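Protein chains: 2
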Amino acid sequence: MQRNKFIFSLILLTGLLASDMLFAQGKATWIWYPGDYEIWLGNNMQNRRTERGSFLPPFWKYDSHFIMVDYSKEFDLKEPEEIEIYTEGDYNVKINSNLIHGTPKKLLIPAGKQKLNFKVYAQDRVPALFVKGKTIVSDASWKVTNEDKEWIDESGKVSDVSGTKYLLAGSWNFENPLSPPSKFKLPTEPQAAVSVIKTENSWLVDFGKETFGFVKLHGLKGKGKATLYYGESKEEALGIKTCETLDDLEINNATAKDTTLTGSRAFRFVNIHFDAGINFESVSMLYEFLPVADRGAFKSSDEQLNKIWEVSKYTLHLNTREFFIDGIKRDRWIWSGDAYQSYLMNYYLLFDSPSVTRTLLANRGKDPVTSHVNTIMDYTFYWFMGIYDYYLYSGDKLFIQQFYPRMQSLMDFCLSRRNKDGLLEGQTGDWVFIDWADGLSKKGEVSFEQLLFCRSLEAMALCANIAGDKESAVKYTDLAKDLKAKLFSIYWNEDKSALVHSRVDGVQTENVTRYANMFGIFFDYFNEAQKQAVKKNVLLNDKVQKITTPYMRFYELEALCAMGEQALVLKEMKEYWGGMLNLGATSFWEKYDPNESGAQHYAMYGREFGKSLCHAWGASPIYLLGKYYLGVKPTSAAYAAYSIEPVLGGLQWMEGKVPTGDGDISVYCSTKEIRVKGDTGTGTLRFKSKTKPVSKGNMVRDLGNDMFEMTVEKGKEYVVKYSAK
Amino acid sequence: MQRNKFIFSLILLTGLLASDMLFAQGKATWIWYPGDYEIWLGNNMQNRRTERGSFLPPFWKYDSHFIMVDYSKEFDLKEPEEIEIYTEGDYNVKINSNLIHGTPKKLLIPAGKQKLNFKVYAQDRVPALFVKGKTIVSDASWKVTNEDKEWIDESGKVSDVSGTKYLLAGSWNFENPLSPPSKFKLPTEPQAAVSVIKTENSWLVDFGKETFGFVKLHGLKGKGKATLYYGESKEEALGIKTCETLDDLEINNATAKDTTLTGSRAFRFVNIHFDAGINFESVSMLYEFLPVADRGAFKSSDEQLNKIWEVSKYTLHLNTREFFIDGIKRDRWIWSGDAYQSYLMNYYLLFDSPSVTRTLLANRGKDPVTSHVNTIMDYTFYWFMGIYDYYLYSGDKLFIQQFYPRMQSLMDFCLSRRNKDGLLEGQTGDWVFIDWADGLSKKGEVSFEQLLFCRSLEAMALCANIAGDKESAVKYTDLAKDLKAKLFSIYWNEDKSALVHSRVDGVQTENVTRYANMFGIFFDYFNEAQKQAVKKNVLLNDKVQKITTPYMRFYELEALCAMGEQALVLKEMKEYWGGMLNLGATSFWEKYDPNESGAQHYAMYGREFGKSLCHAWGASPIYLLGKYYLGVKPTSAAYAAYSIEPVLGGLQWMEGKVPTGDGDISVYCSTKEIRVKGDTGTGTLRFKSKTKPVSKGNMVRDLGNDMFEMTVEKGKEYVVKYSAK
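Residue numbers (this note's numbering), protein chains in the order written: chain A, 28 to 752; chain B, 28 to 752.
Treat the hints as calculated values from the structure; they're not laboratory data.
As the structure is a prediction and not an experimental result, all values here were calculated from the model.
One or more hints might be untrue.
Identical chains share a label here; the pair holds if one copy fits it or two copies do between them.
Claimed, not checked - 25 Å max Cα-Cα, derived BS3-like pairs, lysine-lysine:
#  : residue 1 : residue 2
1  : K261      : K704
2  : K121      : K268
3  : K340      : K704
4  : K133      : K268
5  : K132      : K252
6  : K469      : K513
7  : K268      : K132
8  : K252      : K133
9  : K250      : K132
10 : K252      : K723
11 : K326      : K752
12 : K743      : K654
Use the sequences and the hints to build the structure in full.
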């Protein structure tokens with residue numbers, strides 16, 4: 028599918044709209060206005076958060092789908108063809124602009140050139156269409172409009188002579204006409220409890236590890252009330268006054284009946300309190316999950332590291348659902364900064380592009396833009412950065428072409444809020460987040476925000492070019508250059524040899540924090556001297572405020588890896604993530620402070636069990652190990668060119684796979700041997716060796732300073748004997 | 028209500044937000060995000076159009092309500108108070124920012140200062156709230172936000188310190204908690220048929236006059252099919268292949284059952300065809316209507332004119348429903364240009380402000396603006412003009428303050444589409460309508476569009492001042508002045524002494540049409556010499572293309588009245604509207620051409636029965652007679668000052684009432700006596716008399732040239748003896 032998209036977008040760009048040819052023999056699928064189902068589903072999913080029985084939806088603006096949508100496609104039929112029609116919502120059909128009587132479920136389309144139009148209306152769900160004939164099938168090649176008749180611009184949009192602006196239809200994988208998009212539910216599978224402690228009117232059920240889904244009470248009978256108190260820890264399940272989630276049940280079963288709770292919850296333990304007269308035989312649960320395969324792999328000589336990778340994988344899976352969410356217990360919302368990290372991990376485990384685009388689209392919502400994404404300034408920028416990376420890893424030009432106008436309007440919002448110096452500071456209603464850290468100042472113009480803003484402008488320049496908006500590409504490039512220069516003229520402190528945290532009332536503050544400095548490294552904004560200075564004065568300086576969230580540990584460790592500190596990072600990973608494992612973690616946490624003990628670990632936000640014990644941002648070892656140990660990363664879009672720079676960082680050996688849009692890249696590396704194979708593009712293997720490496724055909728190039736390089740052609744396996752340095 | 032609103036808006040302006048005080052003892056009512064229910068209901072209503080059984084919704088962009096809304100209000104309670112809570116959608120409740128457990132239906136609010144917040148979510152309908160306690164009631168004083176956290180501007184918005192932008196809640200008259208907004212239906216009452224012609228398998232039922240509602244088949248029994256063919260004329264009902272609306276029924280009633288059709292239709296005749304084996308006893312219908320009282324009245328010495336007024340009244344009623352619609356048979360849509368005329372008629376018959384604001388809000392929809400209202404350039408301008416007039420007649424400042432941002436964004440859209448000369452011409456996707464008239468050119472820059480654009484800019488200047496946006500008021504005033512100057516420099520042709528129709532490729536066209544010229548008169552854009560020239564060279568010039576729609580006849584006759592040609596207009600009214608009556612019309616038509624005959628009158632748009640025989644724009648005599656014969660019109664907002672200038676135009680006598688927001692203005696005028704009384708403001712009676720008029724207390728002022736004037740104080744009746752000239 029990904030490849031099809033890419034081919035299609037190229038054809039689109041060269042003006043040969045041969046979509047009929049490409050898709051004619053395809054499968055029928057439910058289609059919708061692109062981005063709309065994602066918004067609808069996102070609203071529904073995010074609304075499922077409850078707090079002790081209360082409905083607790085997000086506190087930011089919700090957008091809606093377009094409720095009236097017109098779908099169309101032209102066909103040239105050799106013979107008449109009957110189509111079946113399924114819609115979500117009221118509809119009408121036109122053949123060559125002639126309205127057909129009634130709302131037919133089946134329709135005979137005559138031979139010859141035929142333009143079909145379906146107009147579908149639905150308020151409660153996305154107006155979707157499924158059409159299936161011998162050659163006529165609804166798919167992503169159909170044109171779609173909400174009839175906004177906007178003046179046509181040049182950014183990759185397809186239009187007809189009437190002036191209606193068309194996009195191409197959105198779809199996912201809904202190929203059953205009787206399972207329309209609005210009925211979509213993630214699949215479930217039964218899981219048994221590991222142990223149960225029973226008292227007269229309560230059961231404490233342990234599922235052995237963090238899990239997510241629907242509790243099932245088998246053979247439930249009697250009349251009365253029951254309450255289920257959920258816990259990611261035993262303490263939380265027992266803390267019936269303070270646990271974060273609970274469900275109240277009214278039971279009136281004369282005969283025994285298996286009862287599955289309707290709300291999905293995150294838990295390891297369930298503490299069930301019930302009235303006298305209520306009975307049930309056993310408790311299980313239905314584990315709910317997104318069916319997506321693990322394509323990435325990692326294994327090494329270090330068993331603890333392997334465990335860290337496995338638990339990271341499970342953590343990411345639990346938080347990869349309809350969308351990439353923050354954590355499964357509490358918010359279950361689509362936070363752009365959290366999702367951004369999941370995107371990166373995804374490229375090293377799942378390579379599931381639909382999960383990335385679904386999340387990007389739900390997060391962006393619709394115009395007009397009246398606030399930052401999730402109300403957070405930094406989270407707006409992570410959204411742009413997410414697209415930048417998505418293009419690099421996937422090469423999906425069509426996505427950018429279709430949604431470039433939404434990128435523009437969000438960037439216009441940012442640009443309209445710059446102060447007289449062209450910098451962004453928090454305005455009323457803005458949340459400047461950065462990180463959960465004690466005493467972190469958000470006042471004035473924070474350097475970290477300008478840095479992300481600058482990267483976002485670079486992303487806009489890239490996407491403007493892809494969308495064919497050359498004029499804006501120049502504008503964004505200039506804006507980025509200008510802002511980058513300001514980053515140094517305003518925030519760089521020569522004495523401290525680092526970027527300071529902020530400027531307040533026109534004056535540089537004294538405070539140095541890690542944030543802007545570590546991003547500056549892997550954004551490659553520093554020169555080599557600055558990098559080394561920042562590494563010494565900030566990253567490796569214990570006097571600079573420490574980071575306690577895995578969220579920012581992600582970037583801190585990435586910066587260190589980018590500086591070649593894999594050995595140090597390996598030690599840190601084992602201490603930090605290993606620390607959680609030592610405390611019995613079965614998934615990684617929202618925050619971990621080794622100085623805390625016991626149930627202290629479960630508290631956050633002033634609440635006894637406020638902390639999430641399964642947070643997506645806890646799974647970053649997947650990314651770090653894939654990108655900086657196996658060392659695989661694309662250097663041009665869609666891995667057309669990529670590099671493999673394995674670094675053992677003290678391991679005896681490691682092996683693994685990194686997925687791409689077109690097969691995998693496999694790496695084995697010990698202190699003596701490197702084996703690589705890539706199913707895609709052209710790779711460059713780079714490594715250090717104390718001795719001259721040996722490989723079949725002697726294809727290794729000596730770069731000097733013990734550095735060697737070798738070209739990795741698609742589909743071939745390479746074995747190098749060397750001596751790790 | 029209207030008065031309350033006005034008082035409230037004044038208080039708002041002076042900064043004394045004493046809403047609690049004003050509304051504390053009020054009635055609980057369902058509330059919503061202002062404008063949202065209007066959009067939702069408008070979508071639903073407009074979707075009810077069918078064409079021969081097919082769903083036929085509008086072809087313009089549909090907008091949606093905000094699906095997540097937060098309602099709040101602060102109270103200072105002397106004692107604890109229990110409230111009942113009803114919502115449309117999922118919700119949670121906070122007291123002083125503390126989330127309450129669960130979703131309570133009743134809640135005890137403690138004594139003291141309490142801030143209540145209700146967050147309500149609904150996708151399928153508008154998230155609405157109804158709260159009722161002893162003193163706590165949901166009403167239009169509650170604050171409401173969709174949590175867009177927009178930067179607060181100064182245009183009358185109420186905000187709290189968190190930066191959330193608040194508006195005040197919208198409401199209508201839904202005071203029953205068990206009848207929520209989404210269940211709203213207009214009331215109906217039974218109407219009997221006047222005659223039935225029966226054959227073996229068909230009945231032709233005549234209801235005696237144009238009507239609207241749901242056909243009811245009494246004692247329906249048997250198994251098989253029936254089809255109802257509706258006709259505004261007998262010919263249409265009998266034209267089963269070409270009639271515009273029909274309903275197919277599948278019947279399977281073992282025992283006789285009264286069956287009411289689910290779809291509302293417009294008709295006088297129903298032609299029912301049914302299978303053998305289907306029986307029914309009789310046919311009636313449920314007449315569906317908006318319950319709104321006739322407050323205006325008109326009666327005169329001319330019986331035909333009285334009949335014209337009565338049929339106009341019935342025509343307006345049929346088209347005044349959930350919204351002011353175009354016509355009841357065919358579109359049933361909210362067309363801004365059509366609605367604009369209904370607003371004006373409304374001021375002289377119903378003075379139902381909620382119908383005006385509902386229609387304005389549904390027509391405007393939401394941001395972003397991506398096309399003209401109804402896709403028609405002129406219809407965008409009528410929307411602005413509608414607000415201008417609404418303020419003049421009602422004085423409703425709060426409406427303008429709340430929706431000024433939507434006025435701004437629509438005007439920004441217009442301004443962004445000006446060409447290099449600052450003029451508007453049709454772009455791809457724009458419809459330049461003007462009127463249904465053969466061969467009317469829409470090319471280039473049409474003078475009529477610039478004229479309406481200019482008036483719209485004047486409306487913006489007025490509203491900017493009301494919304495406290497002084498800077499923009501200056502901007503809009505300057506833009507309007509500049510455009511007005513261009514109207515004359517570009518379109519005025521000295522030889523023709525008139526505005527020409529258009530400019531194409533920079534060259535003034537030769538064509539003179541009535542449109543810009545007649546609007547120029549009652550917009551008062553011409554000087555006296557220009558007015559007289561336009562009257563002679565255009566209005567009274569038979570060589571200038573004639574107008575055949577009541578839509579533009581409205582303005583043509585208004586222009587003539589504004590020039591003192593009431594006698595001529597009376598003759599025209601009697602010919603044109605009288606002509607329809609002579610053909611048996613029971614409501615006034617979309618178009619009337621006296622040169623046509625028989626069933627030719629029913630055809631339009633190339634369809635045999637395409638013409639609507641009950642079109643709102645056919646009811647303009649209501650407006651003309653009220654404003655230019657009884658002669659009543661406001662001269663400052665909300666009739667604080669107004670004028671009465673009765674003109675008999677050849678009638679022996681006339682009497683009538685004109686409604687205002689604060690009582691009526693009554694006028695009786697014969698050739699010898701004038702009697703007036705006003706329940707509001709300060710009126711000025713002006714009239715011509717051959718002799719010196721006599722009134723009690725001699726309060727008449729002589730203006731010279733046989734013109735006299737008298738002040739009409741509120742609540743007093745005045746009798747003047749005079750001699751009509």
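Status of the hints after comparison with the structure:
{"no.": "1", "hint": "K261 / K704", "verdict": "neither (46 Å within a copy, 81 Å between copies)"}
{"no.": "2", "hint": "K121 / K268", "verdict": "between (60 Å within a copy, 19 Å between copies)"}
{"no.": "3", "hint": "K340 / K704", "verdict": "within (23 Å within a copy, 83 Å between copies)"}
{"no.": "4", "hint": "K133 / K268", "verdict": "between (57 Å within a copy, 22 Å between copies)"}
{"no.": "5", "hint": "K132 / K252", "verdict": "between (47 Å within a copy, 19 Å between copies)"}
{"no.": "6", "hint": "K469 / K513", "verdict": "within (19 Å within a copy, 52 Å between copies)"}
{"no.": "7", "hint": "K268 / K132", "verdict": "between (54 Å within a copy, 22 Å between copies)"}
{"no.": "8", "hint": "K252 / K133", "verdict": "between (50 Å within a copy, 20 Å between copies)"}
{"no.": "9", "hint": "K250 / K132", "verdict": "between (46 Å within a copy, 23 Å between copies)"}
{"no.": "10", "hint": "K252 / K723", "verdict": "neither (73 Å within a copy, 83 Å between copies)"}
{"no.": "11", "hint": "K326 / K752", "verdict": "within (21 Å within a copy, 106 Å between copies)"}
{"no.": "12", "hint": "K743 / K654", "verdict": "within (21 Å within a copy, 89 Å between copies)"}
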